[in-house]
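Protein chains: 4
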Amino acid sequence: MNFQHSPKALALQDLLLKFMEEEVYPVEKAFKEYMHSVDNPWATPPIMEDLKKKAKAVGLWNLFLPPHDADDENGLSNVDYAPLAEIMGRVPWAPLVFNCNAPDTGNMEVFVKYGTEAQKEKWLTPLLNGEIRSSFAMTEPDSACSDATNVACSIVRDGDEYVINGKKWFITGIMHEACKIMIVMGKTDPVNPNRHVQQSQILVPKDTPGVTIVRPLTTLGYLGAPLGEAEIHFNDVRVPVENILLGEGRGFEIAQGRLGPGRIHHCMRLIGCAQRALELMCARSESRSTFGKKLSEHQSVREDIAQSYCDIEQARLLTMMAADKIDREGAKEAKDLIAAIKIVTPAMTARVVDRAIQVHGAGGLTEDFFLAEAYNYARQIRFADGPDQVHMMQLGRSLARQYA
Amino acid sequence: MNFQHSPKALALQDLLLKFMEEEVYPVEKAFKEYMHSVDNPWATPPIMEDLKKKAKAVGLWNLFLPPHDADDENGLSNVDYAPLAEIMGRVPWAPLVFNCNAPDTGNMEVFVKYGTEAQKEKWLTPLLNGEIRSSFAMTEPDSACSDATNVACSIVRDGDEYVINGKKWFITGIMHEACKIMIVMGKTDPVNPNRHVQQSQILVPKDTPGVTIVRPLTTLGYLGAPLGEAEIHFNDVRVPVENILLGEGRGFEIAQGRLGPGRIHHCMRLIGCAQRALELMCARSESRSTFGKKLSEHQSVREDIAQSYCDIEQARLLTMMAADKIDREGAKEAKDLIAAIKIVTPAMTARVVDRAIQVHGAGGLTEDFFLAEAYNYARQIRFADGPDQVHMMQLGRSLARQYA
Amino acid sequence: MNFQHSPKALALQDLLLKFMEEEVYPVEKAFKEYMHSVDNPWATPPIMEDLKKKAKAVGLWNLFLPPHDADDENGLSNVDYAPLAEIMGRVPWAPLVFNCNAPDTGNMEVFVKYGTEAQKEKWLTPLLNGEIRSSFAMTEPDSACSDATNVACSIVRDGDEYVINGKKWFITGIMHEACKIMIVMGKTDPVNPNRHVQQSQILVPKDTPGVTIVRPLTTLGYLGAPLGEAEIHFNDVRVPVENILLGEGRGFEIAQGRLGPGRIHHCMRLIGCAQRALELMCARSESRSTFGKKLSEHQSVREDIAQSYCDIEQARLLTMMAADKIDREGAKEAKDLIAAIKIVTPAMTARVVDRAIQVHGAGGLTEDFFLAEAYNYARQIRFADGPDQVHMMQLGRSLARQYA
Amino acid sequence: MNFQHSPKALALQDLLLKFMEEEVYPVEKAFKEYMHSVDNPWATPPIMEDLKKKAKAVGLWNLFLPPHDADDENGLSNVDYAPLAEIMGRVPWAPLVFNCNAPDTGNMEVFVKYGTEAQKEKWLTPLLNGEIRSSFAMTEPDSACSDATNVACSIVRDGDEYVINGKKWFITGIMHEACKIMIVMGKTDPVNPNRHVQQSQILVPKDTPGVTIVRPLTTLGYLGAPLGEAEIHFNDVRVPVENILLGEGRGFEIAQGRLGPGRIHHCMRLIGCAQRALELMCARSESRSTFGKKLSEHQSVREDIAQSYCDIEQARLLTMMAADKIDREGAKEAKDLIAAIKIVTPAMTARVVDRAIQVHGAGGLTEDFFLAEAYNYARQIRFADGPDQVHMMQLGRSLARQYA
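Here the protein sequences line up with chains F, D, E and X, keeping their order.
First residue of the first sequence? That's 0 in numbering that gives the first Met the number 0, and the numbers climb one at a time after it.
First residue of the second sequence? That's 0 in numbering that gives the first Met the number 0, and the numbers climb one at a time after it.
First residue of the third sequence? That's 0 in numbering that gives the first Met the number 0, and the numbers climb one at a time after it.
First residue of the fourth sequence? That's 0 in numbering that gives the first Met the number 0, and the numbers climb one at a time after it.
So that you can see chain F by itself, here it is in the shape it has in the complex (with noise of 0.2 Å):
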């Protein structure tokens, strides 16, 4: 056992620190006001091209693509990328800086791997280049999709063409003006008896006739703009049959396909978010006074930063083992680890941010400190890719039978 990060990794963090601390952390506040201020949140934000120039220009750009073979030197493993997703997720908004936000990552990867050149060509390179966004459309309103036999969606070949009917919510990034296509997961053999095959992928430009885009949504009251999450419905869309990902009944294969990293990258950055609420919490407790001391000499305040260290750090390396198990084993094998962390660090993160927030006094819900902000992010992603609960369900019943 080693708890050493390569020099390869350690030189990215490095250099990735030092963006933060030059460049992102000096406009945080302008970034919120310029937000706070602006007609159309879905925009572009100045600000935050400027910064993907900045970030391309020094190479801290798509860091989160895995080798494409043996032989590729660029790539990163996930234990090597891991810890530069946390660094990122420090400001809520900042994998957007690295082009290496969700769901943008997971779809990129989809299209690296089940893409037709045409595909890739029309879609992949721009995504590569930060030019556009891209969504992924999973989750419904009228069913719980944490059982993927309720997914209602329904795609229907007519000829040459797919038809697509159905409503989909919590559509990342859709409300962004750059998104332009979606990847919509549907059923095209609803009655199959083998529910693993029911389901396919098929991508749908935003422009697309019959698409609308219903509403964003706020959660906790937040926007989450420029990407946040918006409700759609498909009436009667219709997409060239190339549009398929991979074939027909092969929508479950893709999405576990990207679940592996893709929960690595969640729970590091939501690491990286505790981690500075931790630190936040830690400078507040030293800076102000109530009967007679510091809050940090208030030992139920100490109890608090130090259960949030424990907290953090025991997360953070149930992360690295389920990155590196992903890394040599490949995310099959890794599946009760990767379970874990889903149920282990988004709840993690929620309550060390608000411990934090209870530490800043009723400033520490507002928009003065990220502490609010950062208590929203970990809440929601409680339900990504399934409620904790589900997570529970599958690792434990995944658990008893190994030890029965």
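Certain hints may be false.
A pair holds if it fits inside one copy or across any two, identical chains being indistinguishable in the list.
[Said to hold, decoys possible] DMTMM-like, lysine to aspartate or glutamate: derived pairs with alpha carbons at most 25 Å apart:
id : residue 1 : residue 2
1  : 52        : 323
2  : 334       : 278
3  : 52        : 130
4  : 53        : 21
5  : 7         : 326
6  : 334       : 285
7  : 7         : 323
8  : 292       : 141
9  : 293       : 387
10 : 31        : 366
11 : 293       : 146
I should point out that these hints are in silico values taken from the structure, not numbers from a laboratory.
We have chain F already, so just place chains D, E and X on it with the hints.
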């Protein structure tokens, strides 16, 4: 011991429940849409004015007012009023409909007890009529005011005037265009070794020169309009000497007087929130299915429901006991119980609402349900009158001495 | 609503408190030493017999007995008895002093309601006199009896006799040498499709041939003598047909009947434990110092004390409300509340006692304090009448339907 | 980063696992029965002596010993030893089989580092051979020794002797008849303003006149034999001056030196307990059914299993990282991590074991399973080297400063 409400209380509960069902719930969605669509969220919404008229017409008005003497048959005891506050709390903005919202209720009680005839005529009468609104300015942005000795706002006598300087935030209701008057807490004698007589409370009309409304504040992304929170600065604000309440150095004493009943109101409104969240959680769990059974048939959902019921019932009883003790022995004798309900109820409500959100899936975080707003409300009240920790400090100290 | 005890209840509380202070606490240490030194822990300790005489002499005897009809002025309502059970619960073995211990109380109620005159004369009279003890045999080692359909013990009619075969454990009190009679739960009609009529209850004298006391059981290292738990096997045990209570198939009905008041007693005794632990925690925290201040001045200790007070007060009120509902509407109507107090109180007591142990340091785990034994008691009662989960299942299901 | 064990570590793990399966588990029940049946629980059980011989024969002996210099190929690093401690921890008395039990391991390390040749010959050699046992006397009954300045035991020089007076308790292993030597912590310079040099450590043979073994102590009803805890009084106990370790005033320094590796051992043994409890919980949940399905199919049981796995995996990783940091940078640099594992692991183990007990029903509290004893072990270790709160105080303070 007896757990039945009085006939008078039951009759009012019936009337209020009927009003909620017939007048309030049906416009809840319209009210939310109005608030989202309107340019000035701080104006009085027409829906609200309409409801206020209807509430006044049926006698559901100013119910919070205690009996003014032993022969007063209109005023309600805390025990009789408490369940009404719970019912109002089922819709976050409903207390305003009945002129029973914080901080107007506490301010009106202060005017009743300590106001001069002129002050009553000018401020109390229109407040009782629901024509104007009022604020209470205590918390400050630059120090932790849960320790009252940290209050920095100065009130200095200069001839026939007092001159006020300082910064305040979390001033509920000041943004509302009908808000006309503030009660401001500050120090008239900051060096007095007896810290309980350093402070005074003084009336400051909102339009006094030197009063600057700096900005509204959000909590967890919520503006809280049409009441909401704000930051206010006082720069050489001058008011006549008769605006001081009760006399110099009596600020702490006045603050203590309003705390007891105010806590009962806060806690019962939160219990109304929690109770409604439980009911929504139950209904949702019966209407959705995953993995071949209703959510309500998953054991962990059942446990969440059962635990929430236990939590709510207990907090309600504790609050009722505190109300009863205030009624019989006064707020001073009830101080341990008043601390206890403040420790228990906001945290309990946040927990129950959070469970209800989890059962609703990601949609539970949106505006489609009342849950996100209710969570924000409960989370915020964990700071009202000081964070949980301060109340635990006082209660713990008091108990340790008592049993030593 | 009214939170005052009746004059009759208050007078009994005073009398009982005085007895505890003058007679019980002073011999607590001697009793523990006696139990540790004695060869046969299942004999009746002389200290106990002495205390029983004294208790009987002052009228603190069989207080648990409900009024046998509307004119009975001696029997106590559940509301009046509950606080007495709490006071007795402050010393784990004290209920025995007042002939108010489980399972004798429930057994005596069963005899009162369902016994024949001969059975009453033979068993109830000496039980009411405290001359013999009794047991209730329900739980089985080889299956989870929280689901009553899993009960495997068979009761088969053979002429004028019933023949009983099966294994039972957690048979409280059977080891005590004064224990003479068991009420045994088993199946007379195991294949009846109505699972509520499969079971019967039958009287089995301890000395009946075929009854084998296999071994006493410890819980967390405690023997629990002189009552304690044990495993019993029944091998072709024959009793006359008149030993069946109420008739074949009525076992479930009888069990339900004893549950309501029994839960009140269990919960109030536990609340007495918790209350005493809180008082000890307070006293200890005032008497020890670390790092320059009393333990009671460390904020986290204050929070533990405050939280424990809140927990206890709430559980007590909930239990009192359940008692009141049983008194006014019967156990059936009160079933949700009866489930709620079982969910809340044992877990709460374990939590409060655990906090008290923590404040006492490692010594808190030894026999120098009553805390370790109290922890064991609370932990064990989390399984009485089924584990927490079963009660949450029932309550959650009931509530989900109610609000659907 | 790398989460694989070294080949050397893996080989030892295999050997140890095989020994546990072939030699230890099969006699676990017999060992328990022997301990319950024997008159003198403090004698060395023959089963144990037999196992010790076998363990020594296969080289599973004194594995805890670190390399004594850079060329030592036998000694194990903390990272390599830690998983072995985990495996031994699966049976509470197993570490004794391999001469790897506390406090002998720490004491042997002290002798290795600070003992004179004569002391090594007299005490270290038979300790390494497993012929005698030893104790460490630090905690006192009359004051809270988690604050080391509260230690009252005095060590006063008188000519060629030191005279020791004081009371100690929680002296692990002193009751064992093979225990011959104690290391006693006391004050040689109680008024020194530098509190880190007030204390010394001194060797006291158990048979020295003035040493009184007052009584064994139970924790949660457990005697803990053949090791166990006890209270010892020192009345004018005289030992030669050369018995002082390292010199007067060096007590604190020696104590610090043993803390790091000792914590790794404690925590890994507890993780072994927790892991075994998880496995038992899984097996039980597959083998029992209620309400028509296996326990493992009830969602709340699945969640308990999943959560326990997450808890254990995280604590193990945190402990391994602490071990690695001690190996690479020394215990001083690792102090925050060493505090963190002490905060996390005992509480985690108690929680996991408690969940496992719940799945086992009331039987989980008896001696039929290893769970009750494991709970007692974990609960007790929450006090070892100071209660959780002290470690949180230190860690919280350290972090607050670091991020201020």
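Structure-based check of each hint:
{"no.": "1", "hint": "52 - 323", "result": "neither (31 Å within a copy, 40 Å between copies)"}
{"no.": "2", "hint": "334 - 278", "result": "between (32 Å within a copy, 19 Å between copies)"}
{"no.": "3", "hint": "52 - 130", "result": "within (11 Å within a copy, 56 Å between copies)"}
{"no.": "4", "hint": "53 - 21", "result": "within (11 Å within a copy, 59 Å between copies)"}
{"no.": "5", "hint": "7 - 326", "result": "both (16 Å within a copy, 24 Å between copies)"}
{"no.": "6", "hint": "334 - 285", "result": "between (42 Å within a copy, 21 Å between copies)"}
{"no.": "7", "hint": "7 - 323", "result": "both (16 Å within a copy, 21 Å between copies)"}
{"no.": "8", "hint": "292 - 141", "result": "between (53 Å within a copy, 16 Å between copies)"}
{"no.": "9", "hint": "293 - 387", "result": "between (37 Å within a copy, 17 Å between copies)"}
{"no.": "10", "hint": "31 - 366", "result": "both (9 Å within a copy, 22 Å between copies)"}
{"no.": "11", "hint": "293 - 146", "result": "between (49 Å within a copy, 12 Å between copies)"}
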